[in-house]
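Protein chains: 2
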Amino acid sequence: MSVLITGSVALDSVKTPVEEHRDLLGGSASYASVAASFFAPVNMVGIVGTDFPKKYVELYGAHGINLDGLQIADGQTFRWSGEYEWDLNNRRTLSVCLNVFETFRPDLPAGYKKTPYVFLANISPQLQMHVLAQVERPKFVVADTMNLWIETQRDALAALLGKIDCLVLNESEAREITKQTSLIKAGRQILRQGPKYVVVKKGEHGCLLFADELFFSAPAYPLEDIRDPTGAGDCFAGAFAGYLAKTNRTDHDSLRNAVIYGSVVASYCVEAFSLDRLVTLTRPEIDQRYQFFKLMSHFEVG
Amino acid sequence: MSVLITGSVALDSVKTPVEEHRDLLGGSASYASVAASFFAPVNMVGIVGTDFPKKYVELYGAHGINLDGLQIADGQTFRWSGEYEWDLNNRRTLSVCLNVFETFRPDLPAGYKKTPYVFLANISPQLQMHVLAQVERPKFVVADTMNLWIETQRDALAALLGKIDCLVLNESEAREITKQTSLIKAGRQILRQGPKYVVVKKGEHGCLLFADELFFSAPAYPLEDIRDPTGAGDCFAGAFAGYLAKTNRTDHDSLRNAVIYGSVVASYCVEAFSLDRLVTLTRPEIDQRYQFFKLMSHFEVG
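Going down the list, the sequences are from chains W and U. Numbering-wise (my numbering), the first sequence opens with residue 1 and increments by one. Numbering-wise (my numbering), the second sequence opens with residue 303 and increments by one.
Think about it this way: if two alpha-carbon atoms lie no more than 20 Å apart in a straight line, the pair counts; the simulated DMTMM-like pairs of lysine to aspartate or glutamate are:
1) Lys596/U x Glu300/W
2) Lys179/W x Glu526/U
3) Lys481/U x Asp225/W
4) Lys294/W x Glu515/U
5) Lys481/U x Glu224/W
6) Lys504/U x Glu171/W
7) Lys179/W x Asp527/U
8) Lys504/U x Glu224/W
9) Lys294/W x Asp514/U
10) Lys548/U x Glu300/W
11) Lys185/W x Asp527/U
12) Lys202/W x Glu473/U
13) Lys294/W x Glu602/U
14) Lys185/W x Asp389/U
15) Lys487/U x Glu204/W
16) Lys487/U x Asp87/W
17) Lys481/U x Glu204/W
18) Lys202/W x Asp389/U
Label pairs and their calculated CB-CB ranges:
19) Arg456/U x Lys294/W: 36 to 44 Å
20) Lys113/W x Asn392/U: 50 to 58 Å
21) Asp253/W x His554/U: 20 to 28 Å
22) Leu400/U x Ala272/W: 50 to 58 Å
A few chain U positions that, by computed beta-carbon distances, are all more than 10 Å from chain W:
23) Pro343
24) Arg393
25) Arg591
Simulated from the structure, these hints should not be mistaken for laboratory data. Given the structure is predicted, the values throughout are model-derived calculations rather than measurements. Glycine included, C-beta positions come from ideal geometry on N, C-alpha and C.
I would like the entire structure built from these sequences, with the hints used as guidance.
Okay, structure coming up:
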C-alpha cells in the first residue's frame, strides 16, 4: 500500500557546536517521505519555490517518491535556520521564512485521493486537516505536531486529534499538550482526546507507544556521536507510517515493529547532516540495525 | 547462593510535595537487603544505635535476613532527611547525622567471609573496600556509589572500580564520573576503568547494561503515580545482586534478567514510603510484573 505524506519542504541552515551548513534539504515532508520510501510507495504533498535546487527534486525521484503533489510556486522556498546547544539536546530556531509556504492550500492530485495510509508531518493543524479532508476513507492516519501549534492553535489541534488514528509527538510536547509531568499520564490522557494510538518520542531514551490495551517501550539505538539531530523525529514517523503501509496491517504487533523501524531510520538520520545518511542507506543496513534492537531489548527467564 | 550486603541503615525523614514522614526505616543496606531477600539468603553488614526500633529489626528478621553482621552500638542511629521537588525527579538533602556510622569499621562475622555474591551498597568507597577485603574470593561483586564520593573520594573510588565486577550508578553520576554527556560514551568509559559490567539507572527511562560484548536497554515500569522515590536505586541493585546469587550464574542472559528483576522490585518500592510496599510484596506480584516487562518490550517481525 502507498502512503501520502504532507508537511514542509525547506532549505535549512543548521549549526551544531562543531559544524555549520547552509541551504540543506530539510523540512518534515522531505525527511518523512525519504524515510517512508524504504518501505512503501510515497505520494508527497508540499510546496517549493522556483529556487528549489533540481538536485533535491532528483533526490526524491531516486527514492521513487511520487511528486505529482509537489507544487513549484513563484517565489522562494521555505527557509529555516537553527542552532544546537553543546550537547545537541536543545535547539534554538534562529529564523523562519515561510515564503511560498505562507499561502499553501494544496488540492490533492486525483491519484492521491485514495491513498490508504496518511502521515501528516509537522505543519499547522489547519493545513493537516485541509489535506486529510481530501483523502477518501484512509485506512490509518498518523500525525505529528510541535510546540508552536500546541501553544497557538489548540482548538485546531484538538479537532485534528478527533480525526487521526495515531499522534506522534516528543516528550516535551506530550507534557505541554496535557500539562502532565508524568509521561505515562500524558500518553494516556492524549488517548482520551481522540487518537487510538500515541507515540511519545524521548530522543536518547527511546519511545513509548500507548493504546487502550497496549503499552510498548522501545529503546534508542546507542549512538556515541550524533552529528545533526534535525529530522530524526520526521524520519521516525515517516518510517513508522511507511512500514504500516508496506504490511497493510495495523495490529499491535505491526505497530510495535513500526516503532522499531522508525527508531532504526531515525538513528541513521542523525549520523549526518540533512538527508545525507538516508541517501546512502540500504535495506540490509536497516535490517541489521533492526536485529540489534532485538538483541538490546531481549531477555527471558534463563 | 547467599549475598552479602553492606551499606547504610538509617532513620529517614522524607518530605514529598504531598506528604511528610519521620523516622522511617531507610538506608541503602535496608532497601537492598530486603529487595535481595526475595531471591536469595542475605548476610547484612551495618550499624545502628541503641535507639533503633525493635520493629525494624523484626522486619529484617521476617525477610530471613542474617543480622550477625548488624552491630548495635552505643549512640544514635544514622539519620537522613530529604525533600523532593514537585515532580519527584530532584531531591534535596536537608540534613545528615552520621552518629554511630561515623566510626563504623566492621569486622565480618566468620560465617560471612565465604559469601559468594557481594553488593556494596552506597557508603564511602573506603568502607566498601574495607568490607570487600574481608570476603574470600567472592564470585561476583556489585557496587553502588553517589555524587558525594565521586566529588570527594575519586581515588578511593577508582581503586574500588578495579576490584568489582559491576558498578551500578545513576545517569547523573555516570556523567559526573566520566565528564561525558553521552550516556553511551559514559557507560563504555567506566568499563575501561575496571568493572566488566556497568548499569546506568535512568529512573522513568529505565536502565542500560554495558559490557564489552553486551548492550541491554531495559524499560521502566509505567507508573502513573510515584509516592516516594527514596530507595528505588538500592532496591534495584539489591534485587539485581539477589537474583544473580539465586541463579548462581553471571552470564549475559542472567544479567539481563537480573536487570529486569531489579527494575520490578524498584517499581514496587516507589509505590509507598520507606519499605512499606516491600513488606507486603509477594513473589507472585514480582513474577506478574516481570511478565509485564516482557510484554512491554517485546516485538518481532510479524
